[in-house]
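Undergrad: Order-wise, the sequence lines are chains A and B.
Residue numbers are given in the numbering used here: position 42 of the first sequence equals residue 44, and the series is strictly consecutive.
Residue numbers are given in the numbering used here: position 677 of the second sequence equals residue 701, and the series is strictly consecutive.
Hints listed in this document are in silico derivations from the structure and should not be mistaken for laboratory results.
Pair ranges (Cβ atoms, derived):
{"hint": "1", "chain 1": "A", "residue 1": "A60", "chain 2": "B", "residue 2": "T587", "range": "50 to 58 angstroms"}
{"hint": "2", "chain 1": "A", "residue 1": "S116", "chain 2": "B", "residue 2": "G700", "range": "39 to 47 angstroms"}
{"hint": "3", "chain 1": "B", "residue 1": "Q646", "chain 2": "A", "residue 2": "K26", "range": "20 to 28 angstroms"}
{"hint": "4", "chain 1": "A", "residue 1": "A60", "chain 2": "B", "residue 2": "D625", "range": "31 to 39 angstroms"}
Backbone N, C-alpha and C define an ideal beta-carbon position, used for all residues, glycine too.
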Amino acid sequence: MTMKIILLVEDNPDDEALTLRALKQNKILNEVIVARDGAEALDYLFATGAYAGRDLTAMPQLILLDLKLPKIDGLEVLQCLRADPRTKLLPVVILTSSREDRDLVESYRHCANSYILKPVDFAQFIEAVRQLGLYWLVLNEPAPVPRLA
Amino acid sequence: MRTKLNSLPIACGIVVLAGVYFIAGKLGLALAFVHPSATVVWPCSGIALAAFLVLGYRVWPGIFLGAFLVNITTAGSVGTSIGIAMGNTLEGLVGAYLVNRVANGRHAFERPQDILKFAVLAGMVSTTVSATFGVTSLSLGGYAIWSDYGSIWLTWWLGDAAGDLVVAPLLVLWSANPRLRWNREQVLEATLLLLFLLFISQAVFGELSSTLVNSYPIAYFCVPILVWTAFRFSQRETATAIFVLSGIATWGTLLGFGPFAGETPNESLLFLQTFMGSTALMAMAFSAVVSERKRAEETNARLAAIVESSNDAIIGKTLDGLVTSWNKGAERIFGYSLEEMIGKPGSVLIPADRHNEEKEIIERLKRDKRIEHHETVRRRKDGKEIDVSLTISPIRDIEGRIIGASKIARDITERKRVEAALRESETRFRVMADTAPVLIWMSGPDASCTFVNKSWLKFTGRTLEHELGNGWFENVHPEDRQRCLEIHRSAIDARKEFKTEYRLRRADGEYLWVLDNGLPRYESEGTFAGYIGSCMDISEDKRVADEIRRLNVELEQRVFERTAQLEASNKELESFSYSVSHDLRAPLRSIDGFSLALLEDCADKLDAQGKDYLQRVRDATQRMARLIDDLLNLARVTREGMRRERVNLSALARSIATDLKKTQPDRKVAFAIADGVVANGDAHLLRVALENLLGNAWKFTSKRPKTRIEFGVAKQNDTPAYFVRDDGAGFDMVYAGKLFGPFQRLHSPQEFEGTGIGLATVKRVIRRHGGRVWAESAVGQGATFYFTLQPSEESWQIGGTA
Numbered sequence: 003m004t005m006k007i008i009l010l011v012e013d014n015p016d017d018e019a020l021t022l023r024a025l026k027q028n029k030i031l032n033e034v035i036v037a038r039d040g041a042e043a044l045d046y047l048f049a050t051g052a053y054a055g056r057d058l059t060a061m062p063q064l065i066l067l068d069l070k071l072p073k074i075d076g077l078e079v080l081q082c083l084r085a086d087p088r089t090k091l092l093p094v095v096i097l098t099s100s101r102e103d104r105d106l107v108e109s110y111r112h113c114a115n116s117y118i119l120k121p122v123d124f125a126q127f128i129e130a131v132r133q134l135g136l137y138w139l140v141l142n143e144p145a146p147v148p149r150l151a
Numbered sequence: 025m026r027t028k029l030n031s032l033p034i035a036c037g038i039v040v041l042a043g044v045y046f047i048a049g050k051l052g053l054a055l056a057f058v059h060p061s062a063t064v065v066w067p068c069s070g071i072a073l074a075a076f077l078v079l080g081y082r083v084w085p086g087i088f089l090g091a092f093l094v095n096i097t098t099a100g101s102v103g104t105s106i107g108i109a110m111g112n113t114l115e116g117l118v119g120a121y122l123v124n125r126v127a128n129g130r131h132a133f134e135r136p137q138d139i140l141k142f143a144v145l146a147g148m149v150s151t152t153v154s155a156t157f158g159v160t161s162l163s164l165g166g167y168a169i170w171s172d173y174g175s176i177w178l179t180w181w182l183g184d185a186a187g188d189l190v191v192a193p194l195l196v197l198w199s200a201n202p203r204l205r206w207n208r209e210q211v212l213e214a215t216l217l218l219l220f221l222l223f224i225s226q227a228v229f230g231e232l233s234s235t236l237v238n239s240y241p242i243a244y245f246c247v248p249i250l251v252w253t254a255f256r257f258s259q260r261e262t263a264t265a266i267f268v269l270s271g272i273a274t275w276g277t278l279l280g281f282g283p284f285a286g287e288t289p290n291e292s293l294l295f296l297q298t299f300m301g302s303t304a305l306m307a308m309a310f311s312a313v314v315s316e317r318k319r320a321e322e323t324n325a326r327l328a329a330i331v332e333s334s335n336d337a338i339i340g341k342t343l344d345g346l347v348t349s350w351n352k353g354a355e356r357i358f359g360y361s362l363e364e365m366i367g368k369p370g371s372v373l374i375p376a377d378r379h380n381e382e383k384e385i386i387e388r389l390k391r392d393k394r395i396e397h398h399e400t401v402r403r404r405k406d407g408k409e410i411d412v413s414l415t416i417s418p419i420r421d422i423e424g425r426i427i428g429a430s431k432i433a434r435d436i437t438e439r440k441r442v443e444a445a446l447r448e449s450e451t452r453f454r455v456m457a458d459t460a461p462v463l464i465w466m467s468g469p470d471a472s473c474t475f476v477n478k479s480w481l482k483f484t485g486r487t488l489e490h491e492l493g494n495g496w497f498e499n500v501h502p503e504d505r506q507r508c509l510e511i512h513r514s515a516i517d518a519r520k521e522f523k524t525e526y527r528l529r530r531a532d533g534e535y536l537w538v539l540d541n542g543l544p545r546y547e548s549e550g551t552f553a554g555y556i557g558s559c560m561d562i563s564e565d566k567r568v569a570d571e572i573r574r575l576n577v578e579l580e581q582r583v584f585e586r587t588a589q590l591e592a593s594n595k596e597l598e599s600f601s602y603s604v605s606h607d608l609r610a611p612l613r614s615i616d617g618f619s620l621a622l623l624e625d626c627a628d629k630l631d632a633q634g635k636d637y638l639q640r641v642r643d644a645t646q647r648m649a650r651l652i653d654d655l656l657n658l659a660r661v662t663r664e665g666m667r668r669e670r671v672n673l674s675a676l677a678r679s680i681a682t683d684l685k686k687t688q689p690d691r692k693v694a695f696a697i698a699d700g701v702v703a704n705g706d707a708h709l710l711r712v713a714l715e716n717l718l719g720n721a722w723k724f725t726s727k728r729p730k731t732r733i734e735f736g737v738a739k740q741n742d743t744p745a746y747f748v749r750d751d752g753a754g755f756d757m758v759y760a761g762k763l764f765g766p767f768q769r770l771h772s773p774q775e776f777e778g779t780g781i782g783l784a785t786v787k788r789v790i791r792r793h794g795g796r797v798w799a800e801s802a803v804g805q806g807a808t809f810y811f812t813l814q815p816s817e818e819s820w821q822i823g824g825t826a
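All chains, please: the whole structure from these sequences, using the hints.
TA: So, in structure tokens, the structure goes:
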């Protein structure tokens with residue numbers, strides 16, 4: 003059984019480090035692919051650009067998506083995912099520091115699966131990541147990866 | 025003149041007339057002594073004259089026919105008879121013509137002077153025609169000897185004259201008034217008179233005379249009886265008496281009785297007829313005088329009755345001013361009785377200061393000037409002065425000399441009073457109209473202008489003559505005329521009040537807007553009299569209205585621009601908030617995250633002090649994070665749209681209280697939340713405000729073991745004031761002003777944690793609702809926070825459209 007992959011889309015290296023640390027502290031040892039902007043995330047998901055030739059049958063078990071991203075922002079990435087049959091059913095959790103209602107509403111409108119606020123208190127953040135991992139990687143049963151002709 | 029008759033009745037009348045003439049002629053000619061055709065008793069001349077006077081000239085054929093027949097059957101040829109008949113007819117026509125022209129025609133017997141004219145013209149002048157024609161015809165025909173011409177002519181003429189004088193009045197008078205209207209006494213008197221007449225005439229002229237008076241010349245006995253008749257009855261009866269007397273006298277004389285019985289019958293009759301003619305003239309004249317006098321008396325009595333019944337004072341005066349007559353009206357008006365005034369000077373009626381006036385009046389009268397409707401003042405018996413209108417005319421005697429004055433005085437005190445009242449009211453109206461600052465006008469029922477006040481004339485700078493009629497219309501602005509005219513016309517047709525606005529030209533040529541308000545006016549009897557109206561200068565109102573309209577447009581434009589600006593800055597604020605929300609938190613998270621990583625990963629390398637510092641770093645980041653949250657909240661409260669609805673504040677407060685209790689379940693806090701508190705506002709914003717207020721109460725009571733937090737509503741100047749009351753730490757009212765500013769704190773973070781943004785947020789929420797928030801407190805006494813959500817919804821819509 004292949005390891006379930008987590009795709010972390012995060013431009014802030016601090017946040018990346020802290021997220022990875024939180025995952026590690028919670029014993030979530032899945033492979034984490036980090037994309038540092040929206041374009042890279044889409045390259046990975048659709049095996050383009052730097053990720054050309056990637057095995058498209060291996061799709062991430064969970065996508066942790068920041069909203070504020072260079073090049074292509076989080077909501078656009080979400081839009082593209084939901085528009086493509088290959089990625090349409092992937093669970094996407096918005097992980098952001100934005101508390102704007104507008105972001106919340108827009109995210110859900112584009113069929114985000116969940117919306118998690120990054121707390122400033124790191125202890126709380128670790129707790130949040132723990133619950134998140136438990137739920138999405140262990141409890142949740144993902145949709146099968148569509149077979150494409 | 026008689027009305028036009030049909031030819032048949034005229035023909036009949038002519039035939040009848042001819043018949044009557046014929047019989048009378050035959051009777052007369054029976055007494056012809058000098059010549060068969062010439063008699064001194066010739067009633068026919070009277071019949072002919074009366075017929076022409078009463079029936080008109082057109083009956084001449086009857087006379088002619090009658091005369092012809094009488095003569096043709098008496099003596100002479102057809103030619104002679106025609107000549108005589110022509111003379112007879114012409115005599116009547118000439119007599120009637122002269123009497124009609126000069127002696128009042130059929131009414132010749134009403135006045136003595138007319139009777140005299142009648143006697144001369146008809147009796148003496150016209151009869152010469154017949155005598156001349158007749159005697160000449162006879163002489164020419166050889167039926168009379170030329171040497172007898174004079175005596176025959178005289179007999180003829182005298183007979184005709186007697187006929188005219190005795191018979192014509194009888195016929196004319198009876199035909200004018202054929203009905204007898206006598207009462208019993210008059211019938212008795214008439215009978216007695218007739219008996220006397222018969223007796224006297226018998227005694228003087230009849231058989232009796234020969235035995236009684238022996239033919240003495242006592243013909244004057246007839247005079248009293250005729251005078252009696254004339255005196256007691258009218259001319260008609262007098263004429264009848266003369267006729268009867270004449271008949272008996274003729275008869276008696278012919279029989280040889282009486283004073284006139286002479287040598288020959290013709291001579292006797294000649295004298296008798298002379299006597300009868302003059303007696304008849306005298307009696308008729310006397311009768312006319314009497315009846316004229318009677319008429320005058322009747323007229324006098326009627327005039328006296330009019331004078332007596334008059335409401336005006338009618339006073340007669342001599343030229344010396346002595347009162348000669350004084351009617352009932354005078355008694356009533358002046359208060360003096362007839363006895364008090366007759367023969368007394370009329371000057372008692374004149375007030376002392378007006379004695380000169382009387383002299384002037386007399387002077388004027390002496391110069392034959394009538395004085396009409398002279399208004400002056402006279403004094404009553406009781407001393408009261410009254411207004412009178414005098415009409416004074418001179419009184420003349422028969423010769424035309426002025427012998428006095430007749431004065432008609434009318435009491436016009438009441439009229440004067442009414443006039444004065446009217447004048448007073450008129451003056452009041454004029455003064456009011458002329459001093460009024462508005463332009464006042466009046467129009468007649470035909471809508472033409474009858475009056476404008478001074479303000480109007482001052483405004484237009486024209487004269488009254490210019491404005492009257494339709495002149496005022498020239499002041500109306502040409503563009504407004506049609507509309508103005510239509511409104512006026514339709515209002516006048518309906519007799520309704522109207523209000524219209526138009527431009528009126530001022531003296532300087534500038535047109536000003538006026539509001540014209542017209543009301544129909546009516547006479548006291550309710551007939552429509554026209555309109556009265558006023559024009560108010562509304563140019564200033566118009567200007568202000570235009571200005572307001574202009575300002576409104578400007579304002580709308582400005583609001584539009586401001587709204588656009590506001591929207592732009594809102595957008596900016598939004599993206600700013602977004603950045604703050606996202607970007608300010610990230611570093612904090614790093615600081616906290618790596619501090620914790622240090623504490624966990626490098627715990628063995630850190631001493632207690634190092635760990636304490638790191639903990640302080642972490643606390644600071646937490647506070648910073650809260651501050652960011654609160655600031656974002658504050659910004660959101662300002663930025664977010666508002667939707668007013670009915671909000672159940674009681675329910676809201678309860679839900680917040682429940683949340684608060686969950687945060688510290690151990691605390692003993694009693695919430696007293698009033699039921700049914702509802703307000704009109706934005707549910708989300710009100711929740712934010714209540715969360716802050718109740719959160720504060722919760723926080724500032726945290727040091728007490730047992731507390732009470734209250735929510736309710738109180739009336740503040742008819743406006744509901746909602747409040748949150750606690751019994752916590754409270755604050756010094758000195759700082760109450762600082763309470764609602766952002767970042768203002770009255771307690772140290774050590775005492776009570778907080779960012780100082782909460783009450784600023786509350787204030788913004790309340791202010792966005794148009795309300796007010798304030799606090800009452802004392803240190804250690806707890807605090808009460810009030811807020812209102814007025815003003816009303818309407819003002820919100822005006823202010824909140826942005």
